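Enquirer: Residue strings, one per chain:
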Amino acid sequence: MKRAKTLVLAVVLVLSLVLCACAKDSGDKKDSSGNNNAGTTNTSSGPIKVGVVNNPPSESGYREANVKDMEAVFSKANGYDLKTAYSLKNDDQLQAAQGFITEGVDYLLISAAETTGWDDVLKKAKEAGIKVFLFDRMIDVDESLYEAAVVSDMAKEGETAVKWLLDQNLSEYNVIHIQGAMGSDAQIGRTGALDEQFASKKMNKVVQQTATWDEAEAKKIVESVINSKASFNVIYAENDGMAKGAVAALDDAGITHGVDGQVIVMGFDCNKWALRELLAGKWNYDGQCSPFQAQIISDIIQGKKTVTSKKIINEEKGFDAKSLTQADIDNYGLGE
Amino acid sequence: MNNKSKNIFGNGLGQLTIPIIAIAILVIFNLIRDPSFFSIELTHNNEGNSVLAGNLITIINGASELAILAMGMTLVTAACGGQDISVGAAAAIAGSAFVKILKSGDSISAGTVIIALLFACIVAMIFGAFNGTLVAVFKIQPMIATLILYTCGRSIAYWINGGATPTVTSPILDAIGKFIPGIPVPTPVIIVIIVGVIFKLVFRLTSLELFTQSVGINGNAARLNGINSTFVKLLSFIILGICVAIAGCIGVSRLGLINHETLLIDIEMDTILAVAIGGNNLGGGKFKVGGSIIGAYVIQMLTITLYAMKVSSTDVKAYKAVVIILLVVIGSPVVKEKFGKMMNKLRSRRAKVTVKGAERS
Chain A
-19 MKRAKTLVLA
-9 VVLVLSLVLC
1 ACAKDSGDKK
11 DSSGNNNAGT
21 TNTSSGPIKV
31 GVVNNPPSES
41 GYREANVKDM
51 EAVFSKANGY
61 DLKTAYSLKN
71 DDQLQAAQGF
81 ITEGVDYLLI
91 SAAETTGWDD
101 VLKKAKEAGI
111 KVFLFDRMID
121 VDESLYEAAV
131 VSDMAKEGET
141 AVKWLLDQNL
151 SEYNVIHIQG
161 AMGSDAQIGR
171 TGALDEQFAS
181 KKMNKVVQQT
191 ATWDEAEAKK
201 IVESVINSKA
211 SFNVIYAEND
221 GMAKGAVAAL
231 DDAGITHGVD
241 GQVIVMGFDC
251 NKWALRELLA
261 GKWNYDGQCS
271 PFQAQIISDI
281 IQGKKTVTSK
291 KIINEEKGFD
301 AKSLTQADID
311 NYGLGE
Chain B
3 MNNKSKNIFG
13 NGLGQLTIPI
23 IAIAILVIFN
33 LIRDPSFFSI
43 ELTHNNEGNS
53 VLAGNLITII
63 NGASELAILA
73 MGMTLVTAAC
83 GGQDISVGAA
93 AAIAGSAFVK
103 ILKSGDSISA
113 GTVIIALLFA
123 CIVAMIFGAF
133 NGTLVAVFKI
143 QPMIATLILY
153 TCGRSIAYWI
163 NGGATPTVTS
173 PILDAIGKFI
183 PGIPVPTPVI
193 IVIIVGVIFK
203 LVFRLTSLEL
213 FTQSVGINGN
223 AARLNGINST
233 FVKLLSFIIL
243 GICVAIAGCI
253 GVSRLGLINH
263 ETLLIDIEMD
273 TILAVAIGGN
283 NLGGGKFKVG
293 GSIIGAYVIQ
303 MLTITLYAMK
313 VSSTDVKAYK
323 AVVIILLVVI
333 GSPVVKEKFG
343 KMMNKLRSRR
353 AKVTVKGAER
363 S
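Protein chains in written order, with our numbering: chain A, -19 to 316; chain B, 3 to 363.
None of these hints come from the bench; they were simulated from the model. These numbers were taken from a predicted model, which means no experiment stands behind them. Backbone N, C-alpha and C define an ideal beta-carbon position, used for all residues, glycine too. Among the hints, a few may not be true.
[Stated by the list, open to error] Below are the EDC-like pairs computed for lysine to aspartate or glutamate, each with C-alpha atoms no more than 20 angstroms apart in a straight line:
id: 1; chain 1: A; residue 1: K69; chain 2: A; residue 2: E107
id: 2; chain 1: A; residue 1: K209; chain 2: B; residue 2: D36
id: 3; chain 1: B; residue 1: K102; chain 2: A; residue 2: E316
id: 4; chain 1: A; residue 1: K185; chain 2: A; residue 2: E139
id: 5; chain 1: A; residue 1: K69; chain 2: B; residue 2: E43
id: 6; chain 1: A; residue 1: K252; chain 2: B; residue 2: D108
id: 7; chain 1: A; residue 1: K143; chain 2: A; residue 2: D175
id: 8; chain 1: A; residue 1: K291; chain 2: A; residue 2: E94
id: 9; chain 1: A; residue 1: K182; chain 2: A; residue 2: E152
id: 10; chain 1: A; residue 1: K185; chain 2: B; residue 2: D317
id: 11; chain 1: B; residue 1: K312; chain 2: A; residue 2: D175
id: 12; chain 1: A; residue 1: K209; chain 2: B; residue 2: E43
id: 13; chain 1: A; residue 1: K252; chain 2: B; residue 2: E263
id: 14; chain 1: A; residue 1: K111; chain 2: A; residue 2: D100
id: 15; chain 1: B; residue 1: K105; chain 2: A; residue 2: E316
[Stated by the list, open to error] Examples of chain A residues lying across from chain B (beta carbon under 10 angstroms, computed):
id: 16; residue: Q189
id: 17; residue: A196
id: 18; residue: V205
id: 19; residue: L230
id: 20; residue: G234
id: 21; residue: G283
id: 22; residue: L314
[What the hints assert, rightly or not] Okay, the calculated beta carbon distance ranges per label pair:
id: 23; chain 1: A; residue 1: A135; chain 2: B; residue 2: E339; range: 56 to 62 angstroms
id: 24; chain 1: A; residue 1: D100; chain 2: B; residue 2: K312; range: 43 to 49 angstroms
id: 25; chain 1: A; residue 1: G172; chain 2: B; residue 2: K319; range: 21 to 27 angstroms
id: 26; chain 1: B; residue 1: D268; chain 2: A; residue 2: I293; range: 32 to 38 angstroms
id: 27; chain 1: A; residue 1: L259; chain 2: B; residue 2: K312; range: 30 to 36 angstroms
id: 28; chain 1: A; residue 1: N184; chain 2: B; residue 2: A323; range: 29 to 35 angstroms
id: 29; chain 1: B; residue 1: T135; chain 2: A; residue 2: D122; range: 51 to 57 angstroms
Work out the full structure: start from the sequences and follow the hints.
Expert: This is the structure in structure tokens:
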């Protein structure tokens, strides 16, 4: 019995070793042939081959809209041959990028899971004559390794929102600040501008807590403030879901909110359902985090737009409940 | 005097000693810190209903999903000697299934909600049966078996939702997740009571409690005595499935939104904790569902207390961990045994003293 077990174990070990070796082999082979391929495809005419390395659409409503936008812009009708690879893991993404280089795409578009580890792959792409664009997220590499990076400026999103809030000319600002997952780009960016106001005493921090993007947690945070009888007149939630959770707490406590309400409600991301809350006057403000980078990249590829600075900031709006229209919801809303 | 202390610290409350002491300490701590913490008032919500509000309501209301899951988890723990770590992911699936049915029609009627609830229950029971089969039939460690659903559950929920975070609004959902017009008590609290009563009735009317205990203590001995231990284990997972569906649907109804990534996130760990704080043996065997329910409220009370103290929510988990370490260590058999021995020594010494005293006089 024991012998049988060790035998099985040995077989499994040997097999896995062989498999590993095989995988490495094939990888290397692809590499060497890949360089040749890339050389030939660049000269051939036909659809422009675009390889997109992205996070999976399941990551968020943002990503889903982002993926759909990519597919719509880099369509066959627009003269593109689109290949995609989705993963939340940097290693998988690196492998996929490697694969695209081997296949010989003309352009490589990357939204990296992590900012590090991309040097070698991008250098290989450059050697193969493949032009690289970064979108949504920056990577820690030398600027010369990519054509342009089309990204959101999260700090600017926060500044736009805070500027809007200051424009409301309230006699005093008592703010409940519900943060996203600490350390995420969106949280750091959207927190920055508000922190400045807290520091300069223009606004009072009633509470500043992270709900890690969790709607139910946001509700708990606001409930605890209501129970403590502290007065507040602004809820600044760093995404739509948490704003919804906060509003649920207000509703339970009989506190009015939105246009003409006691409390101003602010959210981010511009989900369609959130914009509808704005249109109904239940919320006041929603800041956009635009997932629509594909058109800008396509314009650069087709020479319609010239790159002056490698970092291109994607224009983002902030919507006010008073001026929002149904057309805005159709154009800028994410999801359904 | 001696008898009384023996009752409190010895076998008087039995398994419930630790959870009750824990909740008592939290209550006393809050009373000293800020007595108004416990104030409850009747206010009007934005729909014009008069409702109860206050920290206590927040705690009891907020712990509803946890309490319901803890009841089911107690059964699984007792029967299988292991825990289901996929309850959060499974609740996301059940919640998504619930929303899927709700969104299938144009309007949401009471009928649709009932069908959606039943559908969510069936879906969750199927996933429960899947976990149960792996554990009961294939004899896989519960934590490993449920790791599968833990890993892929939220992705399945994503597929059901077709991405994004669908929202649903209906007065009927508000009645489930918030308040029924005219009743000032939050509906989830009422649901917890109903589920608790059903558990109690089932234990009264059937031999489930006894069977579960005997399977948990010694599966082989139970089998030899004619108890189908495979079936009992499977059943415990299916019952947990129903609890998961109820918890998921409450979670969805509270906000009218299903976010597969955040719905009842990390609840599995809190659920297991509730079972542990409840004094149940995580290795299976004897159990008390009531202990787990109290455990759930202890966890929630701890969280809300920390929020009320304006502890940063990033630090809340650390504070929670410290308290939990204390509770679990105090509740551990080693400490209990040591404590028991110490009490015995004290008692015998006192007895000796009195005996000596008697001799002298």
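Enquirer: All the hints need checking, so say for each whether the structure fits it.
Expert: Status of the hints after comparison with the structure:
1. A:K69 - A:E107: Violated: K69 (chain A) and E107 (chain A) sit about 25 angstroms apart, past 20 angstroms.
2. A:K209 - B:D36: holds, 13 angstroms
3. B:K102 - A:E316: holds, 14 angstroms
4. A:K185 - A:E139: holds, 17 angstroms
5. A:K69 - B:E43: violated, 50 angstroms
6. A:K252 - B:D108: Distance of about 18 angstroms is within 20 angstroms: holds.
7. A:K143 - A:D175: The hint holds at about 13 angstroms.
8. A:K291 - A:E94: holds, 18 angstroms
9. A:K182 - A:E152: holds, 8 angstroms
10. A:K185 - B:D317: holds, 18 angstroms
11. B:K312 - A:D175: holds, 17 angstroms
12. A:K209 - B:E43: Holds, because 12 angstroms separates the two Cα atoms, which is no more than 20 angstroms.
13. A:K252 - B:E263: holds, 18 angstroms
14. A:K111 - A:D100: holds, 15 angstroms
15. B:K105 - A:E316: holds, 12 angstroms
16. Q189: With a closest approach of 4 angstroms, the Q189 (chain A) hint holds.
17. A196: holds, 7 angstroms
18. V205: holds, 9 angstroms
19. L230: L230 (chain A) check passes; min Cβ-Cβ to chain B is 7 angstroms, inside 10 angstroms.
20. G234: holds, 5 angstroms
21. G283: violated, 34 angstroms
22. L314: holds, 7 angstroms
23. A:A135 - B:E339: 56 to 62 angstroms: holds, 58 angstroms
24. A:D100 - B:K312: 43 to 49 angstroms: holds, 47 angstroms
25. A:G172 - B:K319: 21 to 27 angstroms: Holds, since G172 (chain A) and K319 (chain B) (Cβ atoms, about 24 angstroms apart) stay within the stated range.
26. B:D268 - A:I293: 32 to 38 angstroms: holds, 35 angstroms
27. A:L259 - B:K312: 30 to 36 angstroms: holds, 35 angstroms
28. A:N184 - B:A323: 29 to 35 angstroms: holds, 32 angstroms
29. B:T135 - A:D122: 51 to 57 angstroms: holds, 54 angstroms
Hints 1, 5, 21, counting from the list given before, are not met by this structure.
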